[in-house]
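Engineer: Chains as they are written, first to last, in my numbering: chain A, 8 to 289; chain B, 54 to 318.
You may find that some hints are simply not true.
[To be verified] Below are the BS3-like pairs computed for lysine-lysine, each with C-alpha atoms no more than 30 Å apart in a straight line:
| id | chain 1 | residue 1 | chain 2 | residue 2 |
| --- | --- | --- | --- | --- |
| 1 | A | Lys104 | B | Lys136 |
| 2 | A | Lys30 | A | Lys238 |
| 3 | A | Lys209 | A | Lys104 |
| 4 | A | Lys30 | A | Lys104 |
| 5 | A | Lys30 | A | Lys209 |
| 6 | B | Lys136 | A | Lys103 |
In case anyone wonders, no lab produced these hints; they're calculated from the structure.
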Amino acid sequence: MPGALTSSAEVFDVPTGPAIVVKDLRVNYGDREILHGISFEAPAGDTLVILGGSGSGKSTLLRTLVGLEQPTHGEIWIGDRNFAAMNETERDEFRKKMGMSFQGGALFGSMTVGENVALPLREHTRLDDSTIQIIVRLKLDQVGLSGFENYMPAQLSGGMKKRAAIARALAMDPEMLFFDEPSAGLDPIIAAGIDELILKLKKTFHMTIVVVTHELASAFLIADRMILIDKGNIVAAGTPDQLRSSSQPRVRQFLDRVPEPEITDEIDYLQMLTGETPPGKR
Amino acid sequence: MPLTTSIGEATLDGLAYVGDLARLTGGVARAVFIDPFRGRKFSLSRAVHQAMAVGVEALPIVSLISFFVGTILALQGAYQLRKLGAMQLIADAVAVVMTRELGPLMTAIMVIGRSGSAFAAEIGTMKVNEEIDALETMALEPVHFLVVPKFLAMILMMPCLTTWADFMGVLGGGFFGVTNAGFTWGSYLQATLNALVLRDIVTGLIKSVMFGVVITAVGCQEGFQTGLGSEEVGRSTTSAVVKSIFLVIVVDLIFTALFYFTAPR
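If we strip away everything but chain A, and leave its shape as in the complex, we get:
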């Protein structure tokens, strides 16, 4: 585990990451609107967890926040800049302050772990090779992967791939970190390790962190603020305690893990089978 993190936090005065404010965000895939006017706020240096079931639009929201999807309407204020209104060049410049960890890691399979972490440094900085090597070792140490720089991604376990991906996301010393399902597909012990790593990164670097997940235990552990998304709308927002004590039916259903009710009415069931009433509308 990254024991070096706590000591470095005491030595350096790290600036806090920017606040993220999203206003009336709408995103379409073709003619279908996925996000129907989403607004929320992630205060500077906080960890925001975006909760939601499969197909709720939470991954689309994250992809829009990092610029992989273009919103049809709305604003994404990061600090004092509207990210959604930037042109390609400005966006690329701004992205150097963001780090993103993908669900499967998305490490480049043809490069070693070290080369993966070094890539943004080689492409965006004029640092010499020995300095880059030192930074690579430092970043890998921060995620608990010291000594793995010469391994190929295929030789790593699922949890190690995620850690390596986090090291790559940290390479450019970002002010914001975005995680897509950080603990998906990992056993509980490894998943807990990733949660702990996210907490330590926040404590050490004061980054603004946005995490998309549907793992409740992990979400409540790492979140300062949470939003719950359902069918492209925010159904609840607040601190973990506020969500835990919410009496809203959809929030309770999600947090208490209650399955969707079965259709008991035979007419409704027939209509669903014949396609007159789509399952989602019932």
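With chain A held as given, fit chain B onto it using these hints.
Structural biologist: Here is chain B on its own, set in the frame of chain A:
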């Protein structure tokens, strides 16, 4: 669906696809000729690495197949020429057909099989594994990072491979000429040199560059169009090979016609 509607839709799809290829090629041209002046460099070392894979590593198979094709040409030529008692024209026939047509075309077919399919598979796998998205979030333009080195490597290596294929084809023809048509190696090569004009070689090389552009554009475009799931990578790889072969033949036809009608009479 009426036949006219099907033909119309297929035509529109085809034109849209060619438009996509043109947009990708335009993006590469911008990355190579304009962006370096705006401070966005592309990696030359990655292009050299690609050139090794596309060109140098293809040499053994290109050599072997071109040699065989040269021998086949000589055999087929001899079948007709011996009726006329004009076996001495074998060298001319092999030299002209090889440099003007079969050298560039056979090289292109081999490069499609080796590299065009590999481009589609590489980019397709990266798409499926979210690596393309990862590049974008790291502010690395996928066209700069992945496509530009492949274009540069192909534009450089296709004429080189084609020149080598022309030479190996002539050697293949020479093998038959020396063993069966009364040539010596010296007289066969001299007859080849006498038969060729610079235009034969240059038109072949121009075609090879165009083939390189087509193969790279199709391979990369198919990779970027890969849907979700690993079976999609297989589909885009197959599609890259089929479409590349078709488009290479179309480009070959256009340029051969162009060279024919602009040739001095």
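Engineer: State for each hint whether it applies.
Structural biologist: Now the hints, each set against the structure:
1. Lys104/A / Lys136/B: Not satisfied, since the Cα-Cα distance of roughly 77 Å exceeds 30 Å.
2. Lys30/A / Lys238/A: holds (18 Å)
3. Lys209/A / Lys104/A: holds (15 Å)
4. Lys30/A / Lys104/A: holds (21 Å)
5. Lys30/A / Lys209/A: holds (25 Å)
6. Lys136/B / Lys103/A: Since the Cα atoms of Lys136/B and Lys103/A sit roughly 73 Å apart, the hinted pair is violated (cutoff 30 Å).
Checked against the numbered hints above, the structure violates hints 1, 6; every other hint is satisfied.
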